[in-house]
Amino acid sequence: MSASGRILAAAVLALLLPGWALAQDLQGTLKKIKDSGTIAIGYREQSVPFSFRGNDGKPAGYSIDLCQRIVTGVQQQLKLPKLDVKWVAVTPETRIASVVTGTIDLECGSTTNSLSRQEQVDFSHMTFVDGGSLLVRATDKMAAFQDLSGKKIAVIPGTTTDTAVRAALQKAFVTAQIVPVKDHREGLTALEGGNVDAYASDRVILIGLAVTAKDPAQFAISEQYLSYEPYGLMLRRGDAPFRLAVNRVLSSLYRSREIMQIYARWFGKLGEPGNLLIAMYALHALPE
180 MSASGRILAA
190 AVLALLLPGW
200 ALAQDLQGTL
210 KKIKDSGTIA
220 IGYREQSVPF
230 SFRGNDGKPA
240 GYSIDLCQRI
250 VTGVQQQLKL
260 PKLDVKWVAV
270 TPETRIASVV
280 TGTIDLECGS
290 TTNSLSRQEQ
300 VDFSHMTFVD
310 GGSLLVRATD
320 KMAAFQDLSG
330 KKIAVIPGTT
340 TDTAVRAALQ
350 KAFVTAQIVP
360 VKDHREGLTA
370 LEGGNVDAYA
380 SDRVILIGLA
390 VTAKDPAQFA
400 ISEQYLSYEP
410 YGLMLRRGDA
420 PFRLAVNRVL
430 SSLYRSREIM
440 QIYARWFGKL
450 GEPGNLLIAM
460 YALHALPE
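Positions in the sequence shown are counted from 1; adding 179 to them yields the working numbering.
If you are wondering where the hints come from, they were derived from the structure by calculation, not from laboratory data.
Please note that a few of the clues may not be correct.
[Said to hold, decoys possible] Straight-line distance between alpha carbons at most 30 Å, and here's what the computed DSS-like set of lysine-lysine pairs gives: (1) Lys213 / Lys265; (2) Lys320 / Lys261; (3) Lys320 / Lys393; (4) Lys237 / Lys265; (5) Lys448 / Lys393; (6) Lys330 / Lys237; (7) Lys350 / Lys393; (8) Lys261 / Lys210; (9) Lys258 / Lys237; (10) Lys265 / Lys361; (11) Lys261 / Lys213; (12) Lys258 / Lys331; (13) Lys213 / Lys320; (14) Lys361 / Lys330; (15) Lys237 / Lys393; (16) Lys320 / Lys350; (17) Lys331 / Lys361; (18) Lys261 / Lys211; (19) Lys330 / Lys265; (20) Lys361 / Lys320; (21) Lys211 / Lys237; (22) Lys361 / Lys393; (23) Lys213 / Lys237; (24) Lys393 / Lys331; (25) Lys261 / Lys237; (26) Lys261 / Lys393; (27) Lys331 / Lys261; (28) Lys210 / Lys265; (29) Lys330 / Lys258; (30) Lys320 / Lys331; (31) Lys320 / Lys330; (32) Lys331 / Lys350; (33) Lys330 / Lys350; (34) Lys448 / Lys361; (35) Lys350 / Lys361.
Using the sequences plus the hints, can you model the full thing?
Spelled out as structure tokens, the structure:
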């Protein structure tokens, strides 16, 4: 058969067997999911209210709700009768490596999209926008960043907040001791016990820590922002088809305003979303 004949035969076969054509086109993460019938999702155990282990032992939170919708969307795209989810707990230290090595297909936590991280992984559309801030004891009355001179600030090493705190200290000519902690819970415990004077993280996470503490009234959150934190879902670098599948679901959520129901479920106590977050949803509500 001539080359043109083979091309024609393949085209006819693709029209007659759409499932065969789909299988031939699949690659990367989508092929992995199709072949295994499983999608591996990374989640954080203590990043309330975005991604955490609930009282029932199952992953819960704002980012988890988004990823549950993505699982449904991928299942429909691949025409799978069933798609199992393998939940994998990750930490700030392991999350990027877990994506790069294929341990997880999608990271659903509270990870900031940064240019340095894009050297290793790709990100979905923005899922939230926040800023770094400080959780302090209400009795300490630390209204300004300069009040931290000579104080101890807890922060998770290697995070964007860690970088922002150090830069802010340097810019303000403030000398303070940085105390590394492994996670949000350890940071809160250190603050409660008087071992540090402040805990630095993203503002919404700090609010979540405060409202779920034994005595929320003992904490206050600084009005100052240390950084700009655009959140996204991490996936493997260069996997355009899977990234499109993820973004298609997110854009659909933003267009339908279903995102407001998800927001209300996890942030309702904080009131309506701010103008910056509303603008973020609108800008990523891409048409089909």
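Verification of the hints:
1. Lys213 / Lys265: Roughly 14 Å between the alpha carbons, so the hint for Lys213 and Lys265 holds.
2. Lys320 / Lys261: 54 Å, violated
3. Lys320 / Lys393: 20 Å, holds
4. Lys237 / Lys265: 11 Å, holds
5. Lys448 / Lys393: 17 Å, holds
6. Lys330 / Lys237: Given that 30 Å is the threshold and the Cα spacing comes to 37 Å, the pair is violated.
7. Lys350 / Lys393: 35 Å, violated
8. Lys261 / Lys210: Within the cut-off at roughly 15 Å; holds.
9. Lys258 / Lys237: 26 Å, holds
10. Lys265 / Lys361: 24 Å, holds
11. Lys261 / Lys213: 10 Å, holds
12. Lys258 / Lys331: 54 Å, violated
13. Lys213 / Lys320: This hinted pair is violated, its Cα atoms lying about 55 Å apart.
14. Lys361 / Lys330: 19 Å, holds
15. Lys237 / Lys393: Holds. Lys237 to Lys393 sits at ~22 Å (cutoff 30 Å).
16. Lys320 / Lys350: 22 Å, holds
17. Lys331 / Lys361: Holds, at about 16 Å.
18. Lys261 / Lys211: 15 Å, holds
19. Lys330 / Lys265: 42 Å, violated
20. Lys361 / Lys320: With Cα atoms ~26 Å apart, Lys361 and Lys320 stay inside 30 Å; holds.
21. Lys211 / Lys237: 24 Å, holds
22. Lys361 / Lys393: With Cα atoms ~21 Å apart, Lys361 and Lys393 stay inside 30 Å; holds.
23. Lys213 / Lys237: 24 Å, holds
24. Lys393 / Lys331: Since the Cα atoms of Lys393 and Lys331 sit roughly 22 Å apart, the hinted pair holds (cutoff 30 Å).
25. Lys261 / Lys237: OK: Lys261 and Lys237 at ~19 Å, within 30 Å.
26. Lys261 / Lys393: 41 Å, violated
27. Lys331 / Lys261: Roughly 50 Å separates the two Cα atoms, so the pair is violated.
28. Lys210 / Lys265: The given pair, whose Cα atoms are some 16 Å apart, holds under the 30 Å limit.
29. Lys330 / Lys258: Since the Cα atoms of Lys330 and Lys258 sit roughly 57 Å apart, the hinted pair is violated (cutoff 30 Å).
30. Lys320 / Lys331: The given pair, whose Cα atoms are some 15 Å apart, holds under the 30 Å limit.
31. Lys320 / Lys330: 13 Å, holds
32. Lys331 / Lys350: The hint holds at about 17 Å.
33. Lys330 / Lys350: Status holds; Cα separation ~16 Å.
34. Lys448 / Lys361: Cα-Cα ~28 Å, so holds.
35. Lys350 / Lys361: Distance ~26 Å between Lys350 and Lys361 Cα, so the pair holds.
The structure is inconsistent with the numbered hints 2, 6, 7, 12, 13, 19, 26, 27, 29, although it conforms to all the rest.
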